[in-house]
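Chemist: Fit chain B to the given chain A structure using the hints.
Chains A and B, in that order, give the protein sequences. Position 30, counted from 1, in the first sequence is what this note's numbering calls 32; the numbers after and before it change by one each time, with no gaps. Position 30, counted from 1, in the second sequence is what this note's numbering calls 42; the numbers after and before it change by one each time, with no gaps.
Treat the hints with caution; some may be incorrect.
As the list claims (entries may be wrong) - Derived pair list, reagent style EDC-like, types lysine to aspartate or glutamate, alpha-carbon separation capped at 20 angstroms:
1. B:K53 / A:E19
2. A:K44 / A:E5
3. A:K44 / B:E36
As the list claims (entries may be wrong) - What follows is a set of in silico ranges between Cβ atoms, one per label pair, in the way DEER data are often shown:
4. B:E56 / A:L21: 26 to 32 angstroms
5. B:K50 / A:E17: 47 to 53 angstroms
6. B:N69 / A:R74: 28 to 34 angstroms
7. B:R75 / A:E17: 43 to 49 angstroms
8. B:N69 / A:D69: 31 to 37 angstroms
9. B:S71 / A:A11: 24 to 30 angstroms
10. B:S110 / A:L21: 46 to 52 angstroms
To be verified - Sample of chain A residues at the chain B side, in silico, Cβ under 8 angstroms:
11. D29
12. Y33
13. L91
Keep in mind that the hints were calculated from the coordinates and are not lab data. Source: prediction; values computed, not measured. Each residue gets a CB set at the ideal place from its N, CA and C atoms; glycine is no exception.
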Amino acid sequence: KQEVTQIPAALSVPEGENLVLNCSFTDSAIYNLQWFRQDPGKGLTSLLLIQSSQREQTSGRLNASLDKSSGRSTLYIAASQPGDSATYLCAVSRGETSGSRLTFGEGTQLTVNP
Amino acid sequence: DTEVTQTPKHLVMGMTNKKSLKCEQHMGHRAMYWYKQKAKKPPELMFVYSYEKLSINESVPSRFSPECPNSSLLNLHLHALQPEDSALYLCASRPKGSYEQYFGPGTRLTVT
Chain A
3 KQEVTQIPAA LSVPEGENLV LNCSFTDSAI YNLQWFRQDP GKGLTSLLLI QSSQREQTSG
63 RLNASLDKSS GRSTLYIAAS QPGDSATYLC AVSRGETSGS RLTFGEGTQL TVNP
Chain B
13 DTEVTQTPKH LVMGMTNKKS LKCEQHMGHR AMYWYKQKAK KPPELMFVYS YEKLSINESV
73 PSRFSPECPN SSLLNLHLHA LQPEDSALYL CASRPKGSYE QYFGPGTRLT VT
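The following block holds chain A by itself, in its conformation from the complex (with noise of 0.2 angstroms):
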């Protein structure tokens, strides 16, 4: 069974900080990773999507590289402010005879504080 673990589950910076948050899945045979935000009481917004393929994937402040072999993700964010505040989570997707079905990770609760 497909495990997803973030680290850390919270974190506190100040406005400017460039940070990294950690995903780890147990089993390798994935598809996809994909990382979204969060606010709190409101839906999933993704922000990107790394094919298994793929190495990384950029999109603005945001970086998150991929290692499929060791079964780690890592999502940069570059220059923090505090709109970036939110729950970031983590998942990853086996494909189509799966359902493409997403086993989520519990999450990183970032607050940039100005």
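Modeler: Just chain B, lined up with the frame of chain A:
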């Protein structure tokens, strides 16, 4: 239209009530999902519909009844719920040929 919408935003219901949650997308996505999310926990998959057919039921109690009347609409019918069913219910959709899921804003359900 590039989003998944869910109605209502909030719902309070008694344990004897019958209510329905609604999810819509007009992006031509043919896979749609229901997730349940408890406070400070990740979403848990409940149901998957593919081409309007139920493809996955994650052993969800029968008091939750999904329905996919057409390719744009997904319903979740609720009956005789328990207080522990109170949660954020999220709908998601996925385009054919992609594994990226797009989530709606959710319905906050409270069972009294």
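Chemist: Hint by hint, note whether the structure agrees.
Modeler: Results of checking the hints against the structure:
1. At most 20 angstroms may separate the alpha-carbon atoms for a hinted pair to count; K53 of chain B and E19 of chain A exceed this at roughly 27 angstroms.
2. With a CA separation close to 24 angstroms, the supplied pair K44 of chain A and E5 of chain A exceeds the 20 angstroms bound.
3. Taking the CA atoms of K44 of chain A and E36 of chain B, the gap is near 17 angstroms; set against the 20 angstroms cutoff, the hint holds.
4. Hint check: E56 of chain B to L21 of chain A, Cβ distance near 28 angstroms, so the stated range 26 to 32 angstroms holds.
5. For the pair K50 of chain B and E17 of chain A, the supplied restraint of 47 to 53 angstroms is violated, since their beta-carbon distance comes to about 31 angstroms.
6. Remark: the range hint 28 to 34 angstroms for N69 of chain B to R74 of chain A is upheld by a beta-carbon distance near 32 angstroms.
7. The given range of 43 to 49 angstroms is respected by R75 of chain B and E17 of chain A, whose C-beta atoms sit roughly 46 angstroms from each other.
8. The supplied range of 31 to 37 angstroms is met by N69 of chain B and D69 of chain A, whose beta-carbon atoms lie about 34 angstroms from each other.
9. At about 28 angstroms, the beta-carbon gap between S71 of chain B and A11 of chain A stays in the expected band of 24 to 30 angstroms.
10. A beta carbon spacing of about 29 angstroms between S110 of chain B and L21 of chain A contradicts the range 46 to 52 angstroms that was offered as a hint.
11. For the restraint placing D29 of chain A at the interface with chain B, the shortest Cβ-Cβ distance is roughly 16 angstroms, beyond the 8 angstroms limit, so the hint is violated.
12. For Y33 of chain A, the interface hint holds, since its Cβ comes within 8 angstroms of a Cβ in chain B; the closest pair sits about 6 angstroms apart.
13. At about 6 angstroms, the closest approach between the beta carbon of L91 of chain A and any beta carbon in chain B falls short of 8 angstroms, and the interface hint on this residue holds.
Checked against the numbered hints above, the structure violates hints 1, 2, 5, 10 and 11; every other hint is satisfied.
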